[in-house]
Amino acid sequence: MRSVLVTGAAGFIGSSLSHRLVGRGDNVFGIDNLNDYYDVSLKKARLERLSSNPHFRFEKLDISDREGMSGLFARERFDVVVNIAAQAGVRYSLENPHPYIQSNVVGFCNILEGCRHSKVGHLVFASSSSVYGANTRLPFSERDNIDHPISLYAATKKANELMAHSYAHLYGLPCTGLRFFTVYGPWGRPDMALFKFTKAILEGKPIQVFNNGNMVRDFTYIDDIVEGVVRVLDRPAAPDPAWNAALPNPSRSAAPYRIYNIGNNKPVQLMRFIEVLERCLGKKAQVEMLPMQPGDAPATMADVSTLESDFGYRPTTEVEEGVPRFVEWYKSYYGVT
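Numbering of the sequence shown is given in our numbering, commencing with residue 1 and proceeding in unit increments.
Keep in mind the hints are simulated off the structure, nothing from the lab.
Note that the coordinates shown come from a computational prediction; the quantities given were computed from them, not determined experimentally.
Take these hints with a grain of salt, some might be off.
Across the chosen pairs, the derived CB separations fall in these ranges [claimed, not checked]: (1) P190 / E59: 35 to 45 Å; (2) G213 / T337: 37 to 47 Å; (3) K199 / D65: 50 to 60 Å; (4) D144 / D191: 19 to 29 Å; (5) L202 / N244: 48 to 58 Å; (6) A245 / W329: 31 to 41 Å; (7) A245 / L202: 37 to 47 Å; (8) H98 / M1: 14 to 24 Å; (9) Q286 / D234: 40 to 50 Å; (10) E328 / G213: 37 to 47 Å; (11) A245 / E59: 38 to 48 Å; (12) N244 / E328: 45 to 55 Å; (13) G23 / Q293: 36 to 46 Å; (14) K284 / R77: 27 to 37 Å.
Ideal Cβ positions, reconstructed from N, Cα and C, are used throughout, including at glycine.
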């Protein structure tokens, strides 16, 4: 039985991961600042699912609170830390940059310091497919250069990867970064496309489709993401004895450091995704075509060959299976008949 700190435990991925971990008997300590970036009642409902489990404890805490985080690591002893907490959303970062620096950079530094001083056995942290930025060669590989982010959100996620490597190198802290690709499913985020589309279609309102629908996304179901995280956290990153400093692979290191993509590896045209949703709802969408938005990439696709070779795992849930599960949850949660 291990002690696992999950940051962002009231969030979509963090709560789903916590649910899985306590289900297998891990002791999970969850923290979250419960901010109002989206509906706080949804965050509280996610926590309510966990509240009756004796293996779960929760504390309202912001990772950017240096004193609070220092106190947490001084009081508790964690075998593994999984950092899912972050200010999310590409478009929100265009108008509100400061929360991204405060949470994603300052907060991550506090986590690294806590792990370092309390000698945590493994830090697993959420990165993002957004780090691939202006890259157009598909599928995106962890070996690719990621020096051209096209949003501040993406830049902060790349910063996390660099910061983690420095701590792995300097202090021997095992760090594994996971680049998530367009996560969706039950208990999802209201600011993401599937949630917004479902709400609008059911209410008879138009949905906004950017780049005139010419978008491709590697939609990845939440259970597949959680399975990948669990497999990774069970095996701390180790130095790669074959790493070559003259020809460096950016996803590995002579330090205990790894980077992995977790994506479905089966990109879907946005318009096809909408068609699947329409079939599930039994209702056609009113579509408002709009130009490409700043910070958006036209296409994403994950190369997951390294995840598969190292852990024997790759996501498998198709949108034809995942979208109906989300719609079923949405109707139940919001009482839609």
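Each hint tested on the structure:
1. P190 / E59: 35 to 45 Å: Distance hint for P190, E59 is violated at roughly 24 Å.
2. G213 / T337: 37 to 47 Å: The hinted range 37 to 47 Å is violated for G213 and T337, with Cβ atoms some 30 Å apart.
3. K199 / D65: 50 to 60 Å: For K199 and D65 the Cβ distance comes to about 33 Å; the hint is violated.
4. D144 / D191: 19 to 29 Å: holds, 27 Å
5. L202 / N244: 48 to 58 Å: At roughly 54 Å between Cβ atoms, N244 and L202 fall inside 48 to 58 Å, so the hint holds.
6. A245 / W329: 31 to 41 Å: violated, 48 Å
7. A245 / L202: 37 to 47 Å: violated, 55 Å
8. H98 / M1: 14 to 24 Å: Taking Cβ atoms as reference, H98 and M1 lie about 40 Å apart, which means the hint is violated.
9. Q286 / D234: 40 to 50 Å: At roughly 46 Å between Cβ atoms, D234 and Q286 fall inside 40 to 50 Å, so the hint holds.
10. E328 / G213: 37 to 47 Å: This hint is violated: roughly 26 Å between Cβ atoms.
11. A245 / E59: 38 to 48 Å: holds, 42 Å
12. N244 / E328: 45 to 55 Å: holds, 49 Å
13. G23 / Q293: 36 to 46 Å: Cβ of G23 to Cβ of Q293: about 38 Å, so the range 36 to 46 Å holds.
14. K284 / R77: 27 to 37 Å: Violated, since K284 and R77 (Cβ atoms, about 55 Å apart) do not stay within the stated range.
In summary, the structure is inconsistent with hints 1, 2, 3, 6, 7, 8, 10 and 14 from the numbered list given earlier, while agreeing with the others.
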